[in-house]
Amino acid sequence: MNMKNLVKFGGRFTAAAIVLIAAATPVLAQTAPAAPPPKLDSGDTAWMLSSTALVLLMTVPGLALFYGGMVRKKNVLATAMQSFAITCLVTVLWAVIGYSLAFDAGNAVIGGLAKLMLNGVGKDTLSGTIPETVFMTFQMTFAIITPALITGAFADRMKFSAMMLFIGLWSLVVYSPICHWVWGGGFLMKSGVLDFAGGTVVHINSGVAGLVCALVLGKRIGYREESAGSASTPARRSPQTARPAWRWRSLRLRRRRPRSLGCSASGCSSASRASLASYPVRSQGSSPSRRRRASSFPAVLSQSAPRPASAAGGQRPSSS
Amino acid sequence: MLGYDDSLDAFGVHGVGGTIGAILTGVFAAQAVGGTKGMLEGNTAQVGVQAYGVAVTIVYCAIVTFILLKIVDVIVGLRVDAETERDGLDLNLHGETVP
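Protein chains in written order, with the numbering used here: chain A, 1 to 320; chain B, 1001 to 1099.
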């Protein structure tokens, strides 16, 4: 009897799981909407909001800590900062033009500009059974993590400014079109290519871009000659980089939809501005001047006292 | 072995993993779940379709990424100088180190 109940339960569980999966499928962007006009579904919306939060967590703090923890101690902050900065940058780009290029009808190759600045994406527009604002935010988290994954390929040696410029361009010129091809009704989707969670759009895209980056930038200094072991101490500061991003997202989750979207985008844009404002103006001068600037920061005061420019080249603060 | 220095294995993990996953999608796709039959359900052509998608993505991504990198290289330069790289990016780009 127990066995019978168990089998019965198992059967019900499987059936429930299949129903759940089937219910979740239409919102995966891959499947065409069903024939009857779709209706807002609170369950789908709640699940997609949770998924959005989970995918965002993969980048900040997930990827930031993961990559930050794999590089040498002298590069931990820079590497963690790349993920955080990309989150800010791509959030803004996605809302301004990226989403339109990827998911506006357009043609088979690229989306149009009808959804520029989220034009027409209001509180009543639906995407399948979920609000389009939720769909747009969910897709945004993929647009964020894809370029962030590339940073692993050029960690330890790329300029921050070059990284920001490259990622901004890459997001619009590579990510958005491919996203449109596969998920937004482009020619790959029409020819039946399946991509349920980003095999092509996210992983092949970031992996291949990473390979090209690694080849173009060349090897790190001392590659295979000195230990490139990771910082064995946990990256203590990285969680701080993730916290503001999370504050905006939790605001978004707590408030109503249209307003929340503004929060998310404006939060990221203000963070971008704050980052730019605090970004030290880099002189093109000789290294001593750079070292003087660097040692004026409190964090390094204890390690390297300011010293005359003439002696600066001789000693270096230990940082590896 | 191949001589490229992909610091944190972005290509090994995502490029290779993504390629295998995208092609195997054509093998394991189930009509009950995604609406399309895969090779296991008799639709062998789906594997070819997946491979086509993979090839297009790789080619487009590689070419355009290369062009973008060259453009950025001309505008700001891609790499930090050797001294900055030796000292670490934290100190030189962000003015701070992990204590």
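Keep in mind that the hints are not guaranteed to be accurate.
With a cut-off of at most 27 Å between alpha-carbon atoms, the simulated DSSO-like pairs for lysine-lysine come out as follows [what the hints assert, rightly or not]:
| hint | chain 1 | residue 1 | chain 2 | residue 2 |
| --- | --- | --- | --- | --- |
| 1 | A | K219 | A | K39 |
| 2 | B | K1070 | A | K190 |
| 3 | B | K1037 | A | K219 |
| 4 | A | K190 | A | K73 |
| 5 | A | K219 | A | K73 |
Derived coverage of chain A by chain B (criterion: at least 3 residues anywhere in the stretch with Cβ under 8 Å from a Cβ of chain B; other residues may be distant) [said to hold, decoys possible]:
| hint | region |
| --- | --- |
| 6 | 70-76 |
| 7 | 108-122 |
| 8 | 148-157 |
| 9 | 173-179 |
| 10 | 189-200 |
Treat the hints as calculated values from the structure; they're not laboratory data.
Note that the Cβ used here is the ideal one computed from N, Cα and C, for glycine as well.
State whether the coverage of the region 70-76 of chain A by chain B holds or is violated, taking the criterion as 3 or more residues with Cβ-Cβ distances under 8 Å. With 7 residues close enough to chain B, the hint holds.
Has the given pair, K1070 (chain B) with K190 (chain A), been kept, meaning a C-alpha gap of at most 27 Å? 33 Å, violated
Does K73 (chain A) sit within 27 Å of K190 (chain A), going by the straight-line distance between their CA atoms? 47 Å, violated
What's the verdict on K219 (chain A) and K73 (chain A), does the C-alpha distance respect the 27 Å limit or exceed it? 19 Å, holds
Quickly compare the C-alpha distance for K219 (chain A) and K39 (chain A) to 27 Å and report which way the hint goes. 53 Å, violated
Are 3 or more residues of the region 173-179 of chain A near chain B, judged by a Cβ distance of less than 8 Å? Since 4 is at least three, the answer is holds.
Taking a Cβ-Cβ distance under 8 Å as contact, does the region 189-200 of chain A have three or more residues in contact with chain B? n = 9 at 8 Å, threshold three: holds.
Are the Cα positions of K1037 (chain B) and K219 (chain A) separated by 27 Å at most? Not satisfied, since the Cα-Cα distance of roughly 44 Å exceeds 27 Å.
With a C-beta cutoff of 8 Å, work out whether three or more residues of the region 148-157 of chain A approach chain B closely enough for the coverage to hold. holds (count 9)
Are there three or more residues in the region 108-122 of chain A whose C-beta lies closer than 8 Å to some C-beta of chain B? It is violated, with 0 qualifying residues against the three required.
Of the numbered hints listed earlier, those contradicted by the structure are 1, 2, 3, 4, 7.
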